[in-house]
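Use these hints to put chain B onto chain A, whose structure you have.
Top to bottom, those sequences are chains A and B. full-length UniProt numbering applies: residue 1 is where the first sequence begins, and numbers increase by one. full-length UniProt numbering applies: residue 1 is where the second sequence begins, and numbers increase by one.
A few of these clues could be false.
[Stated by the list, open to error] SDA-like cross-link-like pairs, simulated, lysine to any residue; straight-line CA separation at most 25 angstroms: (1) A:K80 x B:Y235; (2) A:K313 x B:R208; (3) B:K332 x B:R318; (4) B:K263 x A:P210; (5) B:K308 x B:A241; (6) B:K263 x A:D267; (7) B:K263 x A:G209; (8) B:K263 x A:W187; (9) A:K288 x B:G209; (10) B:K288 x B:R318.
[To be verified] Selected chain B positions facing chain A (Cβ under 10 angstroms, derived; list incomplete): (11) A165; (12) R203; (13) Q281.
It should be emphasised that the hints constitute simulated quantities derived from the structure, not laboratory data. From the three backbone atoms N, C-alpha and C, an ideal C-beta is built for every residue, glycine too.
2 protein chains.
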Amino acid sequence: MRNPHSNGNVPKLEEADDATEENGYGDGVILGLDGGATSTVCVCVPFFPYGDRFPEPIPILGRAVAGCTNRNSVGETAAKDSLEHVISEALSQSGSDKSHVRGVCLGVSGVNHPSDQGMVEHWIRDMFPSHVKVYVQNDAIVALASGTMGKLHGCVLIAGTGCIAYGFDEDGREARASGAGPILGDWGSGYGISAQALTAVIRAHDGRGPETMLTSTILKALGLSSPDELIGWTYADPSWARIAALVPQVVSCAEAGDEISDKILVDAADDLALSVKAVVQRLGLCGKDGTGSFPVVMVGGVLNANRKWDIGKEVSKRINEHFPGAQTIIPKVEPAVGAAWLAMNFLTVKNDVS
Amino acid sequence: MRNPHSNGNVPKLEEADDATEENGYGDGVILGLDGGATSTVCVCVPFFPYGDRFPEPIPILGRAVAGCTNRNSVGETAAKDSLEHVISEALSQSGSDKSHVRGVCLGVSGVNHPSDQGMVEHWIRDMFPSHVKVYVQNDAIVALASGTMGKLHGCVLIAGTGCIAYGFDEDGREARASGAGPILGDWGSGYGISAQALTAVIRAHDGRGPETMLTSTILKALGLSSPDELIGWTYADPSWARIAALVPQVVSCAEAGDEISDKILVDAADDLALSVKAVVQRLGLCGKDGTGSFPVVMVGGVLNANRKWDIGKEVSKRINEHFPGAQTIIPKVEPAVGAAWLAMNFLTVKNDVS
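Same shape as in the complex, but just chain A:
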């Protein structure tokens, strides 16, 4: 993935005076977007030159939510429509319009390859005047930025519907692990956890596996009367998010002492920690002696569910066993704000912005 640090030539905005009158932020606005597997969030914030101290909390001028923008999940047309809608809505709330925008940064799940990046960038570029800077990043990168105020250093682990570990070293080298979707074995994701749980129910039902509390708990949650009906339920709608929504049931069963559920969550924690370990080792984030300090930003419903069986805490424990210098960070802002910080980082060239 291209690192767009060099795009620092910010054009003077003809509409800067209008912007001052309308929202009180004469330097224009920034749009930050987070496109996850379940929903897409867009925030509109004032532009601050990167390197200056950002106000805390950063003022959110507008915020809007739309559906999934992963074209692998919903197709190209639906993904593009959702993006257009959520941008217009956030701008409208902020009292700004496209002429006030200095930069847009999108973190999009499913952007795994330069050609993906180029396609999404093209969609957005068409929506704005040509001087607006557009940055498209994997959603993992904006999630990292949300824990580091836009600095690309350290590792982020996202575990929501999908999962991915992504990291940068001080020289801008990057590495990732997981994030390859359900067919390709993201077993620590919400989808992965739920698919394992559904499989355990089927195996108990047909005699291949032990009985589990998951059977009654999941059937009740879905309003089904027999495990046989799970097959039709599963394939009636291929959405990954629908399957992943069963994670709370798995956690409940594990908390109630169900061994099968406990094992599924332990395996998920192992797999998630393994993804972080792979990224940290490839980038040497822990230094030569393995004790160096670096941030690990933890994002997503699977890691931050605040349950008694705490998957995020189990993952942190495993990471710190390998890397005592790892600093686990749960971001105070959402990934879309991270995208906005990142846009400010990319837009700003030191000593070149007033």
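Frame of chain A; chain B shown alone:
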């Protein structure tokens, strides 16, 4: 699933004389269909009363092949169209028409529930005169019949794109294991083996797993240059059969000594044998002392690939370790002929057919 043994009232066919003139089989014809995850085969054979000795080999008057008829995979309209097409083609080849048909038996993958069965039965019934008997069965049942000349006793194991174990005891009680599709953990299927192999490539690439020969072998087979491109390839087309087609590459790597590939195949053999074990134990096919004799019919490309690393042989070995009386059968005829035998079984009431 309903056992239609009782449907034995065969109406006298008005067109019987025509049938005699046209194809030389005055008792009319039977259509047998096998609808797998990849293709659908229809054969047209002469009707013989069940219990009589069938001629060997049974004369195939017509045979046609169409695409997938699993509505979970291709949708209802495509599934129905494929069925209509393959039936017309087989009848046309045999020189018969719908008026000569006495019974139709379809084994359809994805028929997991009485409501599924009813829907497919309804499609077919509309294509024929009302006196034609129509039987819709899970494709596993017709595969069993292909190894037992239509007798529903013992266990069948199918492992092609998908996998399932299905069995009947002497009293007509039935049981199944697996056959729940890729999300629900059919790891011994062609899809399951290939998905594990693709996952191994991704894990080796991002540092979570060991290097494997699968990387170069699979990339070469798919014409891709990097494991990163596998993600786009995998999700570009959700067809299970397309993924499952990578099994020969996994077998080649295992034969060449790749440990990761070997483990994937060993796990698959374990899982397939476990499915048979679950069915046999639930039905008590092995008798009280565990040594009773019963057939295990083995069907599908994963089991009968005739490779040096022989998955079918490994599965047989595991089955016989548990059940010394299990008789492994590789059918000499295809499952569609099993469906035809089954229709004759269902149509015939002893001493009631001349």
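- prompt: Does the structure break any of the earlier hints, and which numbers would those be?
  reply: none
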